[in-house]
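Asks: The lines below spell out each chain.
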Amino acid sequence: MAAGGRNHVIFQELFAWLGDPAHWQGQDGVPNRALEHLGYTLLAVFGAAAIAIPLGLYVGHSGRGGVVLVGLSNAMRALPTLGLVTFLFLVAGGSEAGTIVGLIVLAVPPILAGTYAGVQDTDRGVVDAARGMGMTGWQRLWQVEVPNALPLLMGGLRNAALQVVATASVAAYVGLGGLGRLLLDGLRVIDYSKVLAGALFIALLAVLLDLVLAGLQRVIVPRGLRVAAAAVARKPKAKVKPQAEAPEAVGRTNA
Amino acid sequence: MIEFQAVTKRFDDGTTAVDNLDMSVEAGTITVFVGPSGCGKTTSLRMVNRMIEPTNGTVLVDGEDIRKSNPALLRRRIGYVIQQAGLFPHRTVLDNIATVPLLSGWTRRKARARAAELLELVGLDATMGKRYPAQLSGGQQQRVGVARALAADPPVLLMDEPFSAVDPVVREGLQDELLRLQADLDKTIVFVTHDIDEAVRIGEKVAVFREGGRLAQYAAPAELLSNPADDFVSSFVGKDRGYRGLSFLEADGIELRGVSTIGLHEEQSSTVGGLDWTLVLDEDRRPRGWLAPGAVVHGEPADEELRPGGSLYTAGTALRGALDAALSSPSGLGVVVDDDGRYTGVVTAQQVIDLIEERRKEAA
Amino acid sequence: MIEFQAVTKRFDDGTTAVDNLDMSVEAGTITVFVGPSGCGKTTSLRMVNRMIEPTNGTVLVDGEDIRKSNPALLRRRIGYVIQQAGLFPHRTVLDNIATVPLLSGWTRRKARARAAELLELVGLDATMGKRYPAQLSGGQQQRVGVARALAADPPVLLMDEPFSAVDPVVREGLQDELLRLQADLDKTIVFVTHDIDEAVRIGEKVAVFREGGRLAQYAAPAELLSNPADDFVSSFVGKDRGYRGLSFLEADGIELRGVSTIGLHEEQSSTVGGLDWTLVLDEDRRPRGWLAPGAVVHGEPADEELRPGGSLYTAGTALRGALDAALSSPSGLGVVVDDDGRYTGVVTAQQVIDLIEERRKEAA
Amino acid sequence: GDPLKGGGGGGAAGGPIVIGSADFSESELLMHIYAGALSNAGVQVSTKPRVGSREVLVKALQDKSLAVVPEYSGNLLQYFDKQSPASQPDEVLAALKQKVPSGLEVLEKSAAEDSDALVVSKDVAGQGVKSIADLGPKCSQYVLGAAGEWKDRWPAKLTQLYGCTFKEIKTTDAAGPVTVEALKSGQVQVANLFTTASAITANGFVALEDPKRLYPAQNVLPLIRSEALDEKGKAALNKVSAALTTEKLTALNKRIEVDKETVADVAKEFVTQNKL
Amino acid sequence: MFDDISRYLGSESNQELVLTQLLQHIYLSLLPLVIGLALAIPLGWLAHRYRAASGVLFGISNAVYTIPSLALFVVIPVVLGTQILDSVNVVVALTIYTTALLVRPVCDALEAVPFHVVAAATAMGYRPLRRFVTVELPLSVPVLSAGVRVASVSNISLVSVGALIGTGGLGVLFTSGFQISYTAPIIIGIVLTLVLALVVDLLLVGLRRVLTPWLRAGGTT
Ligand SMILES: Nc1ncnc2c1ncn2[C@@H]1O[C@H](COP(=O)(O)OP(=O)(O)OP(=O)(O)O)[C@@H](O)[C@H]1O
Ligand SMILES: Nc1ncnc2c1ncn2[C@@H]1O[C@H](COP(=O)(O)OP(=O)(O)OP(=O)(O)O)[C@@H](O)[C@H]1O
Ligand SMILES: [Mg+2]
Ligand SMILES: [Mg+2]
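Residue numbers (the working numbering), protein chains in the order written: chain A, 57 to 311; chain B, 22 to 385; chain C, 22 to 385; chain D, 70 to 345; chain E, 10 to 230.
Note that these hints are calculated values from the structure, not bench results.
The model shown is predicted, which means the values in this text are computed figures rather than measured ones.
Glycine is no exception: its CB is placed at the ideal position from the N, C-alpha and C atoms.
Heads up, a few of these hints could be off.
One side only, chain C facing chain E, incomplete, derived with CB under 10 Å [what the hints assert, rightly or not]:
(1) Pro92
(2) Arg98
(3) Gly166
(4) Ala173
(5) Pro176
(6) Leu270
(7) Ala316
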């Protein structure tokens with residue numbers, strides 16, 4: 057097929073692009089764009105976490121408003137990134153803040169869903185026992201529900217991070233920096249090497265960030281939970297996967 | 022002591038889970054709540070530590086209305102054990118046990134030391150302390166659950182079907198363990214189960230609940246089996262209750278008889294025992310089987326000659342074992358052994374029946 | 022007929038689930054596999070319909086090596102019932118039952134008609150046919166499971182703990198139903214359970230497995246209880262085996278006695294019965310309780326006067342019931358009733374013991 | 070139309086021909102005007118607004134996704150021949166006709182011109198900057214905001230003509246709101262906008278004069294794929310070019326950008342009024 | 010703001026524009042959903058059946074998810090040699106995402122089919138393909154439908170990005186509104202996207218109900 061030969065050329069061009077030192081320097085260079093991209097991502101993820109984690113913990117712990125919350129956060133997933141970002145740009149009079157808010161809005165649902173599901177999924181018997189032993193509401197939240205929610209909560213956070221890394225490239229459309237510039241600018245002049253390089257680095261950034269968060273997850277998720285998950289997985293007939301290992305269960309979208 | 026005074030619980034959806042319950046649980050005893058599913062056992066239990074608040078009526082613990090105490094503080098004074106233990110999966114066994122002491126403000130060091138003590142008390146190895154719950158078997162988890170409930174030395178212990186998730190053999194071990202513990206600790210224990218066998222085995226008093234959360238009978242197990250209050254109770258306690266009731270009849274007064282015996286490794290020249298059955302014992306005088314009347318043995322009795330014995334009756338235990346030993350023995354003579362399993366005599370079914378009849382007459 | 026010839030199953034992870042099994046299951050009988058958890062019962066069973074292939078050895082069904090038949094076709098000729106019934110939740114009861122006929126190419130109409138027939142055979146109402154499995158109780162689901170397995174009229178039926186998920190009362194009903202069905206159908210049934218009571222109740226032959234997948238004993242239930250092959254079997258069949266063994270002793274020859282009776286609604290002027298116990302019957306002559314010797318009754322006996330009766334013994338059934346009736350009765354007199362539950366007489370424990378002794382002597 | 074053939078409307082083999090536009094509103098307006106004129110001339114048309122930049126448009130004409138797009142003579146020439154010195158309208162058109170790749174062709178130019186222009190904020194203008202020549206020496210103090218592709222086309226020529234090298238070139242968008250906002254907020258001091266843009270007067274910006282013709286003449290004209298249009302169609306488009314003037318175009322832009330009138334409606338009205 | 014919106018929608022050509030883009034949006038988001046599901050079922054089955062395959066497949070689908078959609082939209086014509094404005098590009102890209110998104114739910118859904126039901130089917134003499142189609146697949150619908158709903162929402166929101174590469178859909182309203190600093194079309198686009206997602210979601214819920222009559226009968230699988 058002709059595509060084979062064409063692809064060959066494209067990848068040659070891509071390597072040439074990557075080899076050009078001009079693409080690695082200055083404001084438009086890959087390192088700077090990657091740092092900008094990382095910056096937006098962290099800002100958005102932290103911002104979303106600051107909203108979604110307390111809210112998810114509250115709703116999960118108190119059991120109040122769960123249905124409304126789940127419905128709302130599902131609706132938020134349907135928000136089109138491009139529409140949200142352009143709208144907020146215009147409303148915020150062109151400041152970057154509008155766009156960051158857009159990214160935060162997109163990162164909230166997965167974190168919220170993960171946190172809420174994590175608290176909800178904590179074994180009812182365990183929570184009951186905690187209550188029966190005389191733990192107060194706060195003690196139960198911090199000593200039992202939060203530690204048990206961590207696997208799903210971190211799953212939600214990882215989803216959010218992946219999503220924001222991808223979405224932040226669309227934000228280049230309203231003038232933000234980041235690796236999305238390579239995509240959009242490359243596209244305007246049909247410079248496929250540039251586009252491919254952009255895609256490559258965004259994917260790379262996503263993978264790296266996910267690895268870092270996975271590492272963080274290993275550190276903060278109590279060992280006992282991992283042991284428990286492994287014990288479930290080992291049972292030959294219990295083919296059901298432990299929740300803790302399936303953060304994707306909360307669903308993902310991308311941009 | 023725990024008192025329920027005209028306690029009723031109606032849930033929001035209209036279900037009456039407990040209906041006008043009036044009973045008191047004596048201090049220092051194991052009281053078992055038993056009954057079919059949905060009859061309000063759990064609800065009654067949980068009203069004691071205010072996990073559920075009654076709709077009407079009053080619950081007193083040691084004479085004090087529990088509504089007067091702060092729920093969290095009340096609960097720290099009441100041990101609580103549930104099915105599948107409800108252990109914290111994210112904490113080690115030792116930290117699980119130390120939970121209530123830590124909540125009550127003990128130092129971590131002291132709480133851990135206490136936890137280690139309790140681990141031993143419930144018969145677990147000290148090395149288990151560092152494991153996580155998922156690394157224990159079901160039975161071990163239940164032991165940890167009990168240890169955790171005992172950690173702050175609460176006078177009252179609530180146990181909701183604590184052993185129902187483990188298999189029958191382990192379960193019996195746990196029941197024995199609980200009885201052994203209680204002999205030392207003398208707690209006021211309320212134990213929920215839906216298994217009548219467990220109830221009569223463990224309880225000093227048994228409360229049978231019927232659907233709709235009403236108390237059908239509250240009595241000692243022997244009384245329950247011999248004298249069920251009504252058809253519901255009698256059908257609930259099951260059809261072997263006559264036989265099972267023998268578990269509560271002491272065997273004292275039964276006279277052990279003798280039978281001719283031979284050692285397993287003693288050489289026998291020819292016919293043994295003539296017209297009677299002969300019991301074969303090993304070096305330690307533990308029964309190994311019977312030789313039928315007129316059996317001819319040269320040298321050691323061969324396996325074909327040896328008829329397997331029936332169940333063994335340990336002297337001093339309840340009549341149930343004695344009757345079964347007699348019924349299951351090929352000779353009709355139930356073999357009686359001491360605590361070490363050594364032969365001490367035989368009994369017949371006739372003796373057991375006579376003793377039962379005698380007791381019945383005395384009671385009348 | 023099913024034959025296992027030196028059959029061994031080793032799983033990939035090295036577990037030996039079945040070790041050199043040699044046995045044959047007679048045609049037209051119910052054979053029960055029993056043993057502790059993990060002893061290879063399920064594995065043995067599933068090698069019969071090639072759900073699991075043996076590592077070594079040969080399985081023959083009706084004399085034919087099953088490796089010679091296509092697995093799917095073989096399975097359509099072998100009914101299979103498992104715990105929780107394994108019904109298809111997405112199909113109606115009728116369609117569930119019609120599954121194998123449809124697979125075998127019957128027309129839908131014919132398969133449905135057959136299914137409706139079977140529904141009746143297992144004692145379910147025709148209206149149940151349109152329901153989904155989730156709309157049935159556990160016991161009803163199990164009946165549908167049995168009906169489904171019987172649909173294509175297979176000569177062989179494999180049942181893996183079919184009744185272990187339902188509660189004891191329903192379970193006994195299902196066991197009776199199975200025995201009733203088998204009396205008509207005369208299938209070759211292999212039945213797996215880990216409940217020794219169920220095994221001796223249902224099985225014409227019982228195979229006891231021990232850990233590691235070895236056959237410990239293969240015998241008729243009465244033999245198993247009275248003559249366990251070794252310590253493993255005797256501890257597995259349990260400590261009440263003498264009493265339980267009475268289930269296999271017929272009661273013929275036992276002589277019913279009489280006792281003074283009064284009707285529940287008959288007016289009594291004063292003292293009843295003098296020194297003896299009096300049995301109270303209702304209008305249908307069904308026993309309602311006992312009046313103690315010397316009880317004073319004015320008018321109808323009041324509830325306080327009426328002592329609840331013991332378990333009832335249905336005339337003609339095994340001795341076990343007779344002994345329990347006598348032991349559980351406050352009067353020491355076991356009440357005997359006919360199939361309709363009407364009073365026919367009383368027996369004493371003494372009579373039962375005498376009969377047992379007599380039988381034992383005859384056997385010797 | 071049949072969405073499965075969404076991109077296959079290059080005309081010629083029956084079916085409607087597709088008219089595309091670049092991703093800014095003036096181009097969209099012209100697209101609608103062309104479409105109106107062609108359909109009045111009996112040609113079956115469909116439209117594909119906001120396809121992207123010139124690079125994308127040309128590519129789309131070549132791979133037969135599109136048949137007609139509105140274009141600007143100078144920039145188009147620059148695109149096909151970076152070295153071309155032509156800058157006067159007729160010169161540019163003549164050069165363009167030669168350089169257009171085979172298969173494509175440009176039709177008659179209109180009088181309407183919409184040139185790129187370097188625009189400065191009021192502040193900078195206040196320092197006496199009226200033309201790019203004034204800006205030249207100070208360029209290194211300023212940040213320019215322009216679309217991504219500007220960087221690839223103009224910096225060398227700008228340096229050569231005016232000795233102007235910006236401190237930084239910030240990528241914004243194609244003379245759209247990002248660029249305007251950037252200039253307004255001071256993120257950039259110089260921006261690349263179009264001379265017909267209503268934002269210039271609205272915000273008090275000043276479009277710098279271009280005495281040395283950095284940007285060549287930018288007459289509006291249709292770029293087409295030759296085989297997609299017959300003579301009748303070409304005549305219709307030439308009629309449009311004859312009717313357009315810079316003033317008219319600026320006025321139309323204002324109605325869209327400031328009064329937020331609908332592009333298609335504005336175009337339709339223009340077509341009717343001018344009997345195209 | 011409402012004035013703007015009603016003025017915008019007052020124009021007939023705008024109505025026509027919105028309607029065309031809405032239809033295009035539906036087409037571009039739902040076609041990939043259908044194709045993606047069709048591809049994900051066999052792949053999910055592989056993952057369910059073979060542990061090793063599940064590692065590989067889940068790895069790939071996670072990796073696919075790190076590629077931003079914009080990049081995929083742009084790269085696909087290069088790789089496939091399709092026309093640059095062809096809506097096929099968006100369809101292919103979204104199909105890839107949908108497949109990646111659904112492989113795990115399909116696997117989970119098959120795993121959630123009660124083991125004993127499958128064993129019973131085997132024991133009754135079902136051959137594997139027939140068992141899969143008539144037993145496992147219908148029973149996996151409840152779990153699978155949750156995954157399909159997530160995928161439909163995701164697709165509907167992603168199609169908008171296609172506006173940046175010149176394919177239609179409601180995204181066109183965002184770019185054109187943005188160019189002239191006009192929020193009315195943007196709001197209309199956002200609202201229509203949300204409504205579309207909601208309607209499709211309701212349809213999927215309805216479809217699930219039709220496919221699982223036994224659940225309505227009061228049971229749970
Ligand atoms: N929170 C609740 N809301 C409404 N009804 C409830 C609630 N908790 C329990 N019930 C109902 O109250 C009744 C008694 O429940 P409870 O849990 O006390 O029964 P139980 O005897 O412990 O049964 P089991 O043996 O099944 O544990 C049941 O009918 C149950 O359905
Ligand atoms: N697929 C398998 N792979 C590895 N080991 C298995 C497998 N299936 C069963 N086993 C092991 O083989 C042994 C026998 O299992 P089997 O299921 O036959 O026991 P069982 O007697 O039916 O027990 P239960 O009463 O618990 O049903 C067990 O040790 C079990 O863990
Ligand atoms: Mg309960
Ligand atoms: Mg089994």
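Asks: Would you mind marking each hint as holding or not holding in the structure?
Replies: Outcome of the hint check:
1. The criterion of a C-beta within 10 Å of any C-beta in chain E is met by Pro92 (chain C), whose closest approach is roughly 8 Å, and the hint holds.
2. For the restraint placing Arg98 (chain C) at the interface with chain E, the shortest Cβ-Cβ distance is roughly 8 Å, inside the 10 Å limit, so the hint holds.
3. The closest approach between the C-beta of Gly166 (chain C) and any C-beta of chain E is roughly 8 Å, which is under the 10 Å cut-off, so the hint is satisfied.
4. Here the hint on Ala173 (chain C) is kept, as its CB sits about 9 Å from the closest CB of chain E, short of 10 Å.
5. A least Cβ separation of about 15 Å between Pro176 (chain C) and chain E goes past the 10 Å threshold, and the interface hint is therefore violated.
6. Taking 10 Å as the C-beta contact cut-off toward chain E, the hint placing Leu270 (chain C) at the interface is violated, the least distance being around 38 Å.
7. At about 53 Å, the closest approach between the beta carbon of Ala316 (chain C) and any beta carbon in chain E exceeds 10 Å, and the interface hint on this residue is violated.
The structure is inconsistent with the numbered hints 5, 6 and 7, although it conforms to all the rest.
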